[in-house]
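For reference, the chains in residue letters:
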Amino acid sequence: MVKYILRRAGIALVIVLASTALSFFLVVVSGDPLEDLAQLRGPEKASKTALRTQVMHLDKPVIVRYGYWLAEVGRCLAKPFTGAECTLGSDRQGRAVLPQLTQAMGSTVRLVLAATIIAMFLGILVGLVTALRQYSVFDYATTFVAFLCYSMPSFWIATMLKQYAAIDFNNWLTNPTIGWGVLLAIALAGGVIWMLIVGGDRKLRWMVFGVATVATGLPLLLLVRLGWFSAPRLGLIGVILSAIVMAWLWSTLLGGSGKRAWPVRKVCAVAAGLGVAAYLVLNYVVGTFWDHANEGIILLLAAVAALAGVAAGHFLGGVQKSQAMKAGALTTVTTGVFIVLDRLLMAYPQLYSQTRGHPIATTGSQTPNLPDDFWFVSLDRIAHLVLPTAAIALISFAGYTRYTRATTLDVLNQDFIRTARSKGLLPRTVVVRHVFRNVMIPISTLIALDFAGVMAGAVVTETIFGWSGMGKLFSTSLTNVDPNPLMAYMLVTATLIVVMNLVADIAYAFLDPRIRIK
Amino acid sequence: MKRRLLIAPAGLMAAALALSGCTQSGGSTESTSSAAASESAPVTAALTTVTVGIDEAPDAYNTNTSAANSVYNAWVDNATQGSFWKMQPDGSVKHDEEYGHFEKVSDDPLTIEYTWADDAKWSDGVALDCDDAMLWWAAFSGQVVDPNGEDADGDGQPDPIFQPASTSGTEKVKMPTCEPGDKTWDMVFTENYADWEVLGGGFMPAHIAAEQGGLSADNDGKALIDAIKNNDIAALTPVAEFWNSGWEYQADLVALPDLSLIPASGYYKYDNAANGTLTLVKNDQWWGTPANIDTVVIKAVSDAELVKALDNGEIDIFQPSAVSQDTVAQLDAIADKASYEVGSSWTYSHIDLDQHDGAVFDDILVRQAFLKCVPRQDLVDKFVRTVYPEGDVLDSHEFFPGQPEYTQLLAEAKSVTLYDEVDLAGAKALLEQAGYTEPVDVRLMRAQQSDMRGQQVQLIKASCDQAGFNIIDAADAEWSSKLDQQGAWDAVLFAWAGSGLLLSAEPQYVTGGGQNYGGYSNATVDEMWSQITQVTDPDDATPLKITAEEALWADPYNVVLYANPGLQAHSNHLIGSVFNPTQYGPTWNINEWTLSE
Chain A
1 MVKYILRRAG IALVIVLAST ALSFFLVVVS GDPLEDLAQL RGPEKASKTA
51 LRTQVMHLDK PVIVRYGYWL AEVGRCLAKP FTGAECTLGS DRQGRAVLPQ
101 LTQAMGSTVR LVLAATIIAM FLGILVGLVT ALRQYSVFDY ATTFVAFLCY
151 SMPSFWIATM LKQYAAIDFN NWLTNPTIGW GVLLAIALAG GVIWMLIVGG
201 DRKLRWMVFG VATVATGLPL LLLVRLGWFS APRLGLIGVI LSAIVMAWLW
251 STLLGGSGKR AWPVRKVCAV AAGLGVAAYL VLNYVVGTFW DHANEGIILL
301 LAAVAALAGV AAGHFLGGVQ KSQAMKAGAL TTVTTGVFIV LDRLLMAYPQ
351 LYSQTRGHPI ATTGSQTPNL PDDFWFVSLD RIAHLVLPTA AIALISFAGY
401 TRYTRATTLD VLNQDFIRTA RSKGLLPRTV VVRHVFRNVM IPISTLIALD
451 FAGVMAGAVV TETIFGWSGM GKLFSTSLTN VDPNPLMAYM LVTATLIVVM
501 NLVADIAYAF LDPRIRIK
Chain G
1 MKRRLLIAPA GLMAAALALS GCTQSGGSTE STSSAAASES APVTAALTTV
51 TVGIDEAPDA YNTNTSAANS VYNAWVDNAT QGSFWKMQPD GSVKHDEEYG
101 HFEKVSDDPL TIEYTWADDA KWSDGVALDC DDAMLWWAAF SGQVVDPNGE
151 DADGDGQPDP IFQPASTSGT EKVKMPTCEP GDKTWDMVFT ENYADWEVLG
201 GGFMPAHIAA EQGGLSADND GKALIDAIKN NDIAALTPVA EFWNSGWEYQ
251 ADLVALPDLS LIPASGYYKY DNAANGTLTL VKNDQWWGTP ANIDTVVIKA
301 VSDAELVKAL DNGEIDIFQP SAVSQDTVAQ LDAIADKASY EVGSSWTYSH
351 IDLDQHDGAV FDDILVRQAF LKCVPRQDLV DKFVRTVYPE GDVLDSHEFF
401 PGQPEYTQLL AEAKSVTLYD EVDLAGAKAL LEQAGYTEPV DVRLMRAQQS
451 DMRGQQVQLI KASCDQAGFN IIDAADAEWS SKLDQQGAWD AVLFAWAGSG
501 LLLSAEPQYV TGGGQNYGGY SNATVDEMWS QITQVTDPDD ATPLKITAEE
551 ALWADPYNVV LYANPGLQAH SNHLIGSVFN PTQYGPTWNI NEWTLSE
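Residue numbers (my numbering), protein chains in the order written: chain A, 1 to 518; chain G, 1 to 597.
Treat the hints with caution; some may be incorrect.
Each pair of labels, with its calculated beta carbon distance range [as the list claims (entries may be wrong)]:
id, chain 1, residue 1, chain 2, residue 2, range
1, G, ASP381, A, LEU26, 38 to 48 Å
2, A, VAL64, G, ALA475, 26 to 36 Å
3, G, THR289, A, HIS57, 41 to 51 Å
4, G, ASP258, A, HIS57, 28 to 38 Å
5, G, GLN408, A, VAL64, 52 to 62 Å
If you are wondering where the hints come from, they were derived from the structure by calculation, not from laboratory data. Just so you know, even glycine gets a beta-carbon here, dropped at the ideal spot from N, CA and C.
Chain A on its own, in the form it takes in the complex (with noise of 0.2 Å):
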């Protein structure tokens, strides 16, 4: 096994020298680095050439600049032993490469991780339904969607998005009421959309298109009526509801059902009452320590939620213990989710005020000059998220969806797992021990790629929505004929595909025991 990856490792770094170099000559032979200067008139014109000349060595043949180039690697790599200056050279106006890369690296993270990560599970999820729904109304209508999805070039969506979810959202929201005609639309959608996923026989399929219609219409008809969307909150009974639902979830994937199931439901519902009782106690009794939390903050009190829930289980899981610790923890983790969505929720009417009735926008990816409060900092930064996050999660959730979808069926015709229904287990038990298990093997090589391929931005999104990340730091040199930084952005995405697909072909061994065995 050393060995094999020793020698995979030598490949990789072979491979990544060589792209280096390709695309070093490719850059410098794509354009004029001095085009820009053109049409200048006057003395700085030759004041300028000369000095982006002296930047980026033009006077030297291309192989001598990629040598300089690599030297400047080769100072990065050598700085913990020389403590050498590490630049990554420079770009085109002589500034440093390196900080520009760390930059763009932490702003592509913010933008892509949260879209990889949701259209891997809604990917996932969907993709699943629709195998196990196979030829349905459902199955088709997704196919469709993630087609669509799928061969829409993203600056269309960006523009659709920019439009549709931003700019006349925006304007619906300064006068946030909606006509009867819209309202029964959205009910009667919602109806089929449930009713479809569901499926069954005839009698279950109205009954349920019957409560998802009423179940979507009337919460939103309340919600307009009551003017919610000027001043949203989930409020006591939101948080309420969100933790009664959550304990239904957790208790019913991991508890099972009938008597057995009992503990766990116990614990979840404990575990529910818990976050319900944060929520008081958060809002009502510690004053204003909730309004000053922050990041850190957050995080130790989801740590301490966890605790509680694991604490739960153990000591009123009985026989279910594991499961029961799992489920509660997740219960109360998830209800805590809602609690600091509440608080957000808060900050809404100071971000309307201060973006004049605007809070999603199109561009950039904060609004300027706010107030340091966390709570409205940070709504102003998820306004700013959720329409790229949404162009990118669109499209790579249309992958995840395909190739799920087709790995489900292909494990759903395995021999193993009508061994396993006829032997009696619950059709979820088979769905979620036997089947999934097997499903996220495969999915593991797509997963470790779309990782890597998170750091590489994305080129268009990052440009329409006006992010200065890994992507627009692409465009740009490649548009100034600038290869320092360039080759920085090829030098990091290039080893981290590399090192990606090293890491799935040897998780895909510890993955799989037949690998390992052969």
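Chain A is fixed; fit chain G onto it per the hints.
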């Protein structure tokens, strides 16, 4: 899309500009806002802030260096750095008497006396006085030279230690003789310089540069003044290094440097920066009439996304580097929220012709034939009027539509309209007269990346091929570096950015001029220019230029096509912004802006 000083490379400009002929109406509509922003929450908090959308984040505090000299930085300087003069939209120079006073006190030698207002000071409270003038001279004169320095520009001389973007005019200024603390100083020229009126700007805080360069800033900057007077290169080198690069921002404007290093001398001062947005607040030390709006945010938004950002209230005003019919259509669709102005910018498209010995256009008859066949009106209809319906063929090498001199030129010089109409028969006759019987090959070079330029070349080919030319579309990705390669092209289509200064066109038309790529030489033109450089009253230059202009049409060097259309859009909340076709950007009158409900 990049826009370095003086507008985008025409190659990149308006790649999206469709060839389709349909004309979009471009009248600005000043309808009042019907946006319902005021209904459900108070908007007062944000009404004290105006946000300016900019294609690229500003990258330096000192915009006078050759690295940082760009229109983006100039937009900020309009708000933060005062100047003795300000260029108006019609190209005239207006003195800013609040900032200080300057006047010509002698014609021989040309001497201008500058006096800062009594209470003129940087926003950190330090007075604007002699040391700032001395630093200005040291930086811009190009006369502070380290004898052992490098020679990067390859002129065989060591380079000056300061790296300003331009030394034109300032290299003729003698060292000021003021003493520490003086508010008044003389700009004495070694020879006459026509654009002397526009040199009183670009002052940098000398006390900061001195301290950062290791000199004491006490006693009104005596140490720095003495170092400059004694030409103490050792002491000045660190100061120059700081002046050259110490005031640069991090890439993408992640944060501002320490605020104590970047004092302002104008309406606004620097406050903070984050992720490509720069915030300016009112300068409490500004001694003149204060601006109306409390806070100005300069926000980087890419060109294509500006309209959406305006629609969504994220920016209040923008001036895109490239205007297309699409921009205009999008703005028409949000007329309830925003208004816009279109006009002729001071960047103009033209075709230069190579007339070195042996080149196709060496023969004046061939040049004249080419001028007769280029469909200038057609190009204007398809590439200007789709955005700016009032746009017209440009008939001047010197002036721009909107300048009073341009009107005067059209009235006085009849020859400028010689080639307004396509005359294929006349072109054919001229070519025959020149002895051509076969089609004349013309390699017309243009930027490969620009579809717009490609379409224009096709139009020119369609017309000129009928007259006996064979136009070859020489699209080239590296066109700009081939401009000064003799023989690389016969004709080249691109844009110049005009500054409106008296002397800006000189290097293109005088014999041996730096941008006279085609090798043009005409005795009248040379003579007129040698006189223009010597005038000390701008009005004296106009008749000389008109004479030069007539010569340029009689013995043509190039084909001027049209002034590129420009556009400025603003939200209906913002009152008082005025489109400025020069390179100074929308913020040129930021002190006059107000916000309304």
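Quiz item: That 26 to 36 Å hint for VAL64 of chain A and ALA475 of chain G (C-beta), does it hold up?
Solution: With a Cβ separation near 30 Å, VAL64 of chain A and ALA475 of chain G satisfy 26 to 36 Å, so the hint holds.
Quiz item: If you check the beta carbons of ASP258 of chain G and HIS57 of chain A, does the distance land in 28 to 38 Å?
Solution: Holds, at about 32 Å.
Exercise. Using the beta carbons of THR289 of chain G and HIS57 of chain A, state whether their distance is inside 41 to 51 Å or not.
Key: 50 Å, holds
Quiz item: Can the suggested window of 52 to 62 Å be confirmed for the beta-carbon pair GLN408 of chain G and VAL64 of chain A?
Solution: 55 Å, holds
Quiz item: Okay, ASP381 of chain G versus LEU26 of chain A on CB: inside 38 to 48 Å?
Solution: 40 Å, holds
Of the numbered hints stated above, none is contradicted by the structure.
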